[in-house]
Amino acid sequence: AQSVTQLDSHVSVSEGTPVLLRCNYSSSYSPSLFWYVQHPNKGLQLLLKYTSAATLVKGINGFEAEFKKSETSFHLTKPSAHMSDAAEYFCVVVRGGADGLTFGKGTHLIIQP
Amino acid sequence: DAGVIQSPRHEVTEMGQEVTLRCKPISGHDYLFWYRQTMMRGLELLIYFNNNVPIDDSGMPEDRFSAKMPNASFSTLKIQPSEPRDSAVYFCASRQGGGNQPQHFGDGTRLSIL
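In order, the protein sequence lines correspond to chains A and B. With the working numbering applied, the first sequence covers 1 to 113. With the working numbering applied, the second sequence covers 1 to 114.
By construction, these hints were calculated from the structure, which means they are not laboratory data. Incorrect hints may have been included.
Stated by the list, open to error - Result set (EDC-like, lysine to aspartate or glutamate): computed pairs, CA atoms no more than 16 Å apart in a straight line:
hint, chain 1, residue 1, chain 2, residue 2
1, B, K78, B, E14
2, A, K49, A, E64
3, A, K42, B, D107
4, A, K105, B, E44
Claimed, not checked - From the derived model, a few chain A residues whose C-beta atoms are all more than 12 Å from chain B:
hint, residue
5, D8
6, L20
7, T55
8, K58
9, E66
10, S73
11, H82
12, A86
Just so you know, even glycine gets a beta-carbon here, dropped at the ideal spot from N, CA and C.
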């Protein structure tokens, strides 16, 4: 079965400093992975997706993620945090043999002024 | 382009009442998903449809929950009778094509059962 583990429930960074949100996955085959962001009282918005093409994936708002098979990781990064990045971030894997998504428990990103 | 539209945005009702949540997917999308989000359990897939046909309802908590998709542009999730433990945010999402394509989410319905 496919699963994802987000290693941090909360991450706090200062505005203008780098962001790292960690995600490890478990899959019996090459997975499709997404990062979604959820702002308060809003639905989930796709940041980026990995589907076995380039291992470094660029997304919206300056975010990117690198798929590392040897480490079974798909960490999300951004060089410089902005106040508007404060939100909940979800690492997601596509379920094998089905069409639903399996969500990580989320990482709450806090941006300090 | 209009995204996934859900209504109502907020619903407060007393236990025992029937609740109906509505969703309009993005035009042209052939998959529709219903999720529930709570602090305790996170995001859970309840049911999904492909071309208006329910494919997997194994996530539906119990018989009090039912979902329909009478046409490609409309779906409902109904709870009857409602209970306080049904309080959650319910999301609808739609997708065009296979599982590697991203799902597009509505803004959700925040449901409170008193």
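Hints versus structure:
1. At most 16 Å may separate the alpha-carbon atoms for a hinted pair to count; K78(B) and E14(B) meet this at roughly 15 Å.
2. For the given pair, K49(A) sits about 10 Å from E64(A) by alpha-carbon distance, which is consistent with the 16 Å threshold.
3. Distance check on the hinted pair: K42(A) and D107(B) sit about 5 Å apart at the alpha-carbon level, within 16 Å; holds.
4. Our distance criterion of 16 Å between C-alpha atoms is met by K105(A) and E44(B), whose separation comes to about 11 Å.
5. Residue placement check: D8(A) keeps its beta carbon more than 12 Å from all beta carbons of chain B (closest about 15 Å).
6. Annotated as non-interface, L20(A) keeps its C-beta farther than 12 Å from every C-beta of chain B; the closest such distance is 21 Å.
7. Consistency note on T55(A): stated as away from chain B, and its beta-carbon is indeed over 12 Å from all of that chain's, at 16 Å minimum.
8. For K58(A), the condition that its CB be more than 12 Å from all CB atoms of chain B holds, with the nearest at approximately 15 Å.
9. At roughly 18 Å, the least C-beta separation between E66(A) and chain B is larger than 12 Å, which holds for a residue marked as non-interface.
10. Even its closest Cβ contact with chain B, about 20 Å, leaves S73(A) beyond 12 Å, as expected for a residue assigned away from the interface.
11. No Cβ of chain B approaches the Cβ of H82(A) within 12 Å, the least distance being about 22 Å, so the stated non-interface status holds.
12. The Cβ of A86(A) sits about 18 Å from the closest Cβ of chain B, beyond the 12 Å cut-off, so the non-interface label holds.
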